[in-house]
Amino acid sequence: MGKKGVLLVNLGTPDSPEVPDVRKYLDEFLMDERVIDIPAFNRTLLVKGIIVPFRSPKTAKLYKEIWDENGSPLLYYSKIQAAMVQEQLGDEYHVELAMRYQSPSIQSALDNMKARLVESIQVIPLFPQYASASTGSVIQKVMEIVGKWQTVPPISFVNSFHDNKLLIETFADNARKYDPSSYDQILFSFHGLPERQLKKCDHSGHHCLKSADCCSTLTDVNKFCYSAQCHHTAKLIAAELNIPDAQYSVCFQSRLGKEPWVQPYTSEVLKDLAAQGKKRLLVFCPAFVADCLETLYEVTVEYGEEFKKLGGEEVQLVSSLNDHPKWIEAIVGMVKN
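7 is the number of the first residue of the sequence shown in the numbering used here; add one for each residue after it.
Simulated from the structure, these hints should not be mistaken for lab results.
In this text, a Cβ means the ideal position worked out from N, Cα and C, and glycines have one as well.
Do not take every clue at face value.
Unchecked claim - Here are the simulated distance ranges between beta carbons:
| # | residue 1 | residue 2 | range |
| --- | --- | --- | --- |
| 1 | Ser-162 | Asp-219 | 30 to 38 Å |
| 2 | Glu-75 | Gln-156 | 54 to 62 Å |
| 3 | Lys-171 | Thr-223 | 37 to 45 Å |
| 4 | Glu-150 | Ala-89 | 23 to 31 Å |
| 5 | Ala-89 | His-212 | 41 to 49 Å |
To be verified - Straight line, CA to CA, 27 Å or less: simulated BS3-like cross-link-like pairs of lysine-lysine:
| # | residue 1 | residue 2 |
| --- | --- | --- |
| 6 | Lys-171 | Lys-241 |
| 7 | Lys-171 | Lys-154 |
| 8 | Lys-332 | Lys-342 |
| 9 | Lys-342 | Lys-171 |
| 10 | Lys-64 | Lys-264 |
| 11 | Lys-241 | Lys-216 |
| 12 | Lys-241 | Lys-205 |
| 13 | Lys-171 | Lys-85 |
| 14 | Lys-183 | Lys-332 |
Construct all of the structure, not just a fragment, from the sequences and the given hints.
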């Protein structure tokens, strides 16, 4: 019998922090119809005519701030995760790592599996909460590629793992190093999405954004809603650490453009907390399984500086899952179960 294939897919990273590589990465990322879900002609004008030319030099400077001797932190930790998962799964499995955008590509990873004659493929998009622009995009890309094969092996996907017990425990373990009870407020800052993308995922057509607390509780109606899954992840981590409801806030970062995105925005929450006299904040970013630009720079540097200007004293980031043994155990559990 052939080996069982396991494909781990994260978002992606430029090949280097230089402007040409960042431009190439942003172009592929933002031209994805699930990321900027507007008509193709409008998307092309917006991305290639405005966003990429003007944003690439600025974004390259930010990547240079987090790039180290290991290169991109996201790629570095993703490679370690894949190697550790392979080691734990053993010879019965063949593990490949891919990035949705840039290298290593999903195409190359699937070609490797095909060449090794794997008997099945399990795809795990490394995004705890489901979103069309992340998990949905990975699933679509894999299906486009494998759908062209003459022989399509049994293939399965992990849709989300926002409530995975070991994921929750890992974030809690990482937070205990900082004594959460010593902070004035705990923030769970997730990557943002346009509100229109949340509405598109509401198959009932009568729940999404119809009330202020529509995402606060996970139900059959909103079980695939990104925001609802984010709130649920935060609730589980808070419960694991015995953090009272009043002591933590859920917010969303990385907003792009002027149209409404999922709220509240992290920057607005910082303003409110500073106005309340809060001085020290502990910040989780549970939408990411490896530290990256959004955690190491956006939270630690940008939000840290912003909060201090507002009168605050400290913004402390809780490390992502990275190479924590429990997180590797969580991935192995998803594969086997």
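The hints, checked one at a time:
1. Hint check: Ser-162 to Asp-219, Cβ distance near 34 Å, so the stated range 30 to 38 Å holds.
2. With their beta carbons about 44 Å apart, Glu-75 and Gln-156 fall outside the hinted range of 54 to 62 Å.
3. Here the CB-CB span from Lys-171 to Thr-223 is close to 19 Å, at odds with the stated 37 to 45 Å.
4. With their beta carbons about 28 Å apart, Glu-150 and Ala-89 fall inside the hinted range of 23 to 31 Å.
5. Distance hint for Ala-89 and His-212: a CB-CB separation of about 46 Å, consistent with the stated range 41 to 49 Å.
6. Between the alpha carbons of Lys-171 and Lys-241 the distance comes to roughly 12 Å, so the proposed pair stays at or under 27 Å and holds.
7. Note on Lys-171 and Lys-154: the hinted pairing is violated, with a Cα-Cα distance of about 37 Å set against a maximum of 27 Å.
8. Distance hint between Lys-332 and Lys-342 is fulfilled; the C-alpha atoms sit about 15 Å from each other, no more than 27 Å.
9. Restraint check for Lys-342 and Lys-171: satisfied, since their Cα atoms lie roughly 15 Å apart, inside the 27 Å limit.
10. Proximity of Lys-64 to Lys-264 is assessed by CA-CA distance (about 19 Å); at most 27 Å being required, the pair is judged to hold.
11. A distance of roughly 22 Å separates the Cα atoms of Lys-241 and Lys-216; the hinted pair therefore holds under the 27 Å criterion.
12. Proximity of Lys-241 to Lys-205 is assessed by CA-CA distance (about 23 Å); at most 27 Å being required, the pair is judged to hold.
13. The suggested pairing of Lys-171 with Lys-85 holds, with an alpha-carbon distance near 23 Å, which does not exceed 27 Å.
14. Proximity of Lys-183 to Lys-332 is assessed by CA-CA distance (about 16 Å); at most 27 Å being required, the pair is judged to hold.
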